[in-house]
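There are 2 protein chains.
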Amino acid sequence: MGRSSFLKKERQSILMDKLKEDPFLTDEELAEIFSVSIPTIRLDRLELGIPELRERIKNVAEKNHEKVKSLNSKEIVGELVDLTLNQRGISILETDNSMVFEKTKIVRGHFIYSLAESLAIAVIDAQVALVGVANIKYKVPVHSGAKLVARAEVKRKRENNFIVWVNILEKQTEVFRGKFILVSISDKSSNN
Amino acid sequence: MGRSSFLKKERQSILMDKLKEDPFLTDEELAEIFSVSIPTIRLDRLELGIPELRERIKNVAEKNHEKVKSLNSKEIVGELVDLTLNQRGISILETDNSMVFEKTKIVRGHFIYSLAESLAIAVIDAQVALVGVANIKYKVPVHSGAKLVARAEVKRKRENNFIVWVNILEKQTEVFRGKFILVSISDKSSNN
Chain A
1 MGRSSFLKKE RQSILMDKLK EDPFLTDEEL AEIFSVSIPT IRLDRLELGI PELRERIKNV
61 AEKNHEKVKS LNSKEIVGEL VDLTLNQRGI SILETDNSMV FEKTKIVRGH FIYSLAESLA
121 IAVIDAQVAL VGVANIKYKV PVHSGAKLVA RAEVKRKREN NFIVWVNILE KQTEVFRGKF
181 ILVSISDKSS NN
Chain B
1 MGRSSFLKKE RQSILMDKLK EDPFLTDEEL AEIFSVSIPT IRLDRLELGI PELRERIKNV
61 AEKNHEKVKS LNSKEIVGEL VDLTLNQRGI SILETDNSMV FEKTKIVRGH FIYSLAESLA
121 IAVIDAQVAL VGVANIKYKV PVHSGAKLVA RAEVKRKREN NFIVWVNILE KQTEVFRGKF
181 ILVSISDKSS NN
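The listed protein sequences derive, respectively, from chains A and B.
Start counting the first sequence at 1; every next residue gets the next number (the numbering used here).
Start counting the second sequence at 1; every next residue gets the next number (the numbering used here).
Pulled out of the complex, with its shape left as it was, chain A reads as follows:
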C-alpha cells in the first residue's frame, strides 16, 4: 500500500508532464507508457482533473478554429489542435463507420482528402483560399476507428500563391501525403 501509493503519486506527476508535452496521448497510450491498466489511467485523470482526450482536443480546437480566416468554423473537417497562420497547423480526425467502404471497412479516400484539403485552406492567412492543384498519395489503407493526425506546413508563399504540404499519420505511420497549391483572394478592393 505504501509503495503503491508512492508509485501512484510519481506516476501522476509524470503523467502531467507527459500530457504537457503531448496533450493528445490516449488513455491507451498512457497505460502502455506506465504499464498499468486503462482504468488506472482514467482514475489518475479523474483525480488530477484532466478531462478525457476528446474533451481536451475540443477545448484546444475551439480556440484554433477562431483563428481561421479562410473557412467558417463548421466548414473545418477535423479538430484543429494547432495553428499558426501562413506557417503550420495540426488537425485531428477520428474516423468511424460512417466513413468506410461497406465491403472492406477501409476509410474512403475522400474523407482523408477532405481533412487534408480543409487543413491546407485553414492555414492560409486570407479571407478566401482556393485549391488550384493537389498531388496526393494514399500510402496505407486506414480502417474505421483510426485517429488521424494531419500536419500542414506552408512551404512557399509568393504573392497570393501558396504551396502547402500536408501529411497524415495514424499512430507513427504515414498514411497520406499531399502537396496543395492554393490561391488566396484578399478581402476587398485588392488589385483585381
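It is possible that part of the hints are untrue.
The list treats identical chains as interchangeable, and a pair is accepted whether it falls inside one copy or across any two copies.
[Claimed, not checked] PhoX-like mimics (lysine-lysine), calculated; alpha carbons at most 25 Å apart, straight line:
1) Lys171 <-> Lys105
2) Lys69 <-> Lys103
3) Lys69 <-> Lys137
4) Lys171 <-> Lys20
5) Lys105 <-> Lys67
6) Lys103 <-> Lys67
7) Lys103 <-> Lys63
8) Lys155 <-> Lys179
9) Lys157 <-> Lys139
10) Lys74 <-> Lys103
11) Lys103 <-> Lys157
12) Lys137 <-> Lys179
13) Lys139 <-> Lys155
14) Lys171 <-> Lys58
15) Lys69 <-> Lys105
To be clear, the hints were calculated from the coordinates, so they are not data collected in a lab.
With chain A held as given, fit chain B onto it using these hints.
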C-alpha cells in the same frame, strides 16, 4: 394557328431526335435550341411522355449503378449515366447550397474531388479498388446550382494497376481534371 401547330409537330419531332442524341439536355438548353420558352418545352415533353431531366438521369443511372462492382450503389457520388467497366464512365452531379463555402458560394473542392474519385473507382472491374495516387487540378471555380458532368477513361491497366483520367465539365468548360492511379484487389483467393 395552322402554322404554329405545324411548327409544333416539327419541333416535337426534332426534340425527340435531339434527346436521342443527348438525353441530358436541360429544358433550358432545349428552349434555346428552338427559340421557345421553357414552359413550351415542358408542354412538349408532357405531350410526348418524356420525363423531366432529373427523372431521365435517375432511370439511366439506376441501370449503371447495378453494373458497378467496386462500390455499393449508395457509395457512388453523382448519377452514373454511362459505364463500360475498365474502359469509361460518365456521371452527373447537380451541385447545391449544401456544398459551398459560405463566404463565396463556391463549391468546396472535396465535393468535386469525391465525384471524380467515386467515378474513377466505379469504372474499375474489381470487387475492391483503392486510390493510390491522385494528381488533380481545379481549373475554374464552380458555383452552387452548376450541373457537373464527369467523364472517366481508363488509360492503362497493368495487372492490378489502373490509370484513370477524369475530367469534369460545367456546360462546355472544363472545371477539373485529375489522374488517378488505382490498385484493384480481387474478390478472393488471388495470389496474395
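Evaluated hints:
1. Lys171 <-> Lys105: within (19 Å within a copy, 36 Å between copies)
2. Lys69 <-> Lys103: Between copies, since 11 Å is at most 25 Å while 39 Å is not.
3. Lys69 <-> Lys137: Intra 27 Å, inter 23 Å, cutoff 25 Å: inter-copy only.
4. Lys171 <-> Lys20: within (19 Å within a copy, 54 Å between copies)
5. Lys105 <-> Lys67: between (35 Å within a copy, 21 Å between copies)
6. Lys103 <-> Lys67: between (39 Å within a copy, 16 Å between copies)
7. Lys103 <-> Lys63: For Lys103 and Lys63, only the inter-copy Cα distance (21 Å) is at most 25 Å; the intra-copy one is 38 Å.
8. Lys155 <-> Lys179: Classified as both; 9 Å inside a copy, 24 Å across copies.
9. Lys157 <-> Lys139: between (27 Å within a copy, 20 Å between copies)
10. Lys74 <-> Lys103: between (30 Å within a copy, 12 Å between copies)
11. Lys103 <-> Lys157: between (42 Å within a copy, 23 Å between copies)
12. Lys137 <-> Lys179: both (9 Å within a copy, 12 Å between copies)
13. Lys139 <-> Lys155: Both: 21 Å inside a copy, 22 Å across copies.
14. Lys171 <-> Lys58: Intra 19 Å, inter 42 Å, cutoff 25 Å: intra-copy only.
15. Lys69 <-> Lys105: The answer is between: 16 Å across copies meets 25 Å, while 35 Å in one copy does not.
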